[in-house]
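Undergrad: Given the sequences, and given the hints that come with them, work out the whole structure.
From first to last, the protein sequence lines are chains A and B.
Position one of the first sequence corresponds to residue 126 (the numbering used here), numbered consecutively onward.
Position one of the second sequence corresponds to residue 19 (the numbering used here), numbered consecutively onward.
Read the hints as simulated data drawn from the structure, not as lab findings.
The model shown is predicted, which means the values in this text are computed figures rather than measured ones.
Hints are supplied without guarantee of correctness; some may be wrong.
Said to hold, decoys possible - Here's a subset of chain A near chain B, in silico, CB distances under 10 Å, partners left out:
| # | residue |
| --- | --- |
| 1 | Y156 |
| 2 | Q227 |
| 3 | P231 |
To be verified - What the simulated footprint calls covered on chain B by chain A, stretch by stretch (three residues with Cβ under 8 Å from a Cβ of chain A suffice, anywhere in the stretch; the number is not a length):
| # | segment |
| --- | --- |
| 4 | 80-93 |
| 5 | 117-124 |
Where a beta carbon is used, it is the ideal one built from N, C-alpha and C, also for glycine.
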Amino acid sequence: DAGVIQSPRHEVTEMGQEVTLRCKPISGHDYLFWYRQTMMRGLELLIYFNNNVPIDDSGMPEDRFSAKMPNASFSTLKIQPSEPRDSAVYFCASSSNVAYEQYFGPGTRLTVT
Amino acid sequence: AQSVTQLDSQVPVFEEAPVELRCNYSSSVSVYLFWYVQYPNQGLQLLLKYLSGSTLVESINGFEAEFNKSQTSFHLRKPSVHISDTAEYFCAVSESGNEKLTFGTGTRLTIIP
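TA: What follows is the structure, encoded as structure tokens:
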């Protein structure tokens with residue numbers, strides 16, 4: 126199994142631009158999670174899906190952030206417009222409903238200048 | 019609501035010395051407990067987990083953790099550390115049957131040669 130796949134690994138963009146982060150969960154996993162990690166705030170859960178349906182988006186910072194999961198093998202996190210304070214490492218993780226541990230992707234390091 | 023406290027943000031330890039990384043949790047119901055490790059520029063990896071049964075759980079690389087319900091703790095220990103153990107360690111908790119994990123703020127373990 127290739128594990129959770131995220132792309133791109135690094136993204137540098139200018140303030141105001143749209144940014145799209147992508148995630149492919151482990152095949153067969155029912156849950157998909159998006160996290161953000163910064164030095165100041167640590168690891169924050171942004172949103173998670175179960176069977177492609179968003180369950181809890183209370184961690185999404187504001188309306189500039191949106192996430193979709195059109196099918197079981199793909200999810201996107203979009204920021205529009207991006208701001209410098211969005212600079213962070215964004216992780217995607219997946220899990221199944223029979224094992225509770227989450228498997229993390231390698232992350233996308235986003236820098237907004 | 020569940021919460022996790024990792025009191026030590028940084029722990030320096032000499033190579034081959036023992037180490038204990040502390041984790042305390044708060045929850046009003048039964049919990050599942052996890053330790054994750056994050057090596058530099060990588061995602062989080064599951065180190066070990068407690069779901070039920072024996073309160074002492076072990077990982078394949080010599081770490082162990084003991085669930086102590088009365089003290090609401092799940093401290094991570096290793097009798098002899100190696101340079102390769104340099105990483106950040108996160109404790110996490112979920113309320114039984116809840117797929118969400120709550121992470122602690124992490125402990126950075128630095129091994130001194």
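Undergrad: So, for every hint listed, does it hold in this structure?
TA: Here is how each hint holds up against the structure:
1. Y156: Status holds, d = 5 Å.
2. Q227: Cβ of Q227 (chain A) sits 6 Å from chain B, so the hint holds.
3. P231: Holds - the Cβ of P231 (chain A) comes within 10 Å of chain B, reaching about 5 Å at its closest.
4. 80-93: Result for this restraint: violated, n = 0.
5. 117-124: Since three or more residues must qualify, the claim that chain A covers the segment 117-124 of chain B holds, with 6 doing so at under 8 Å.
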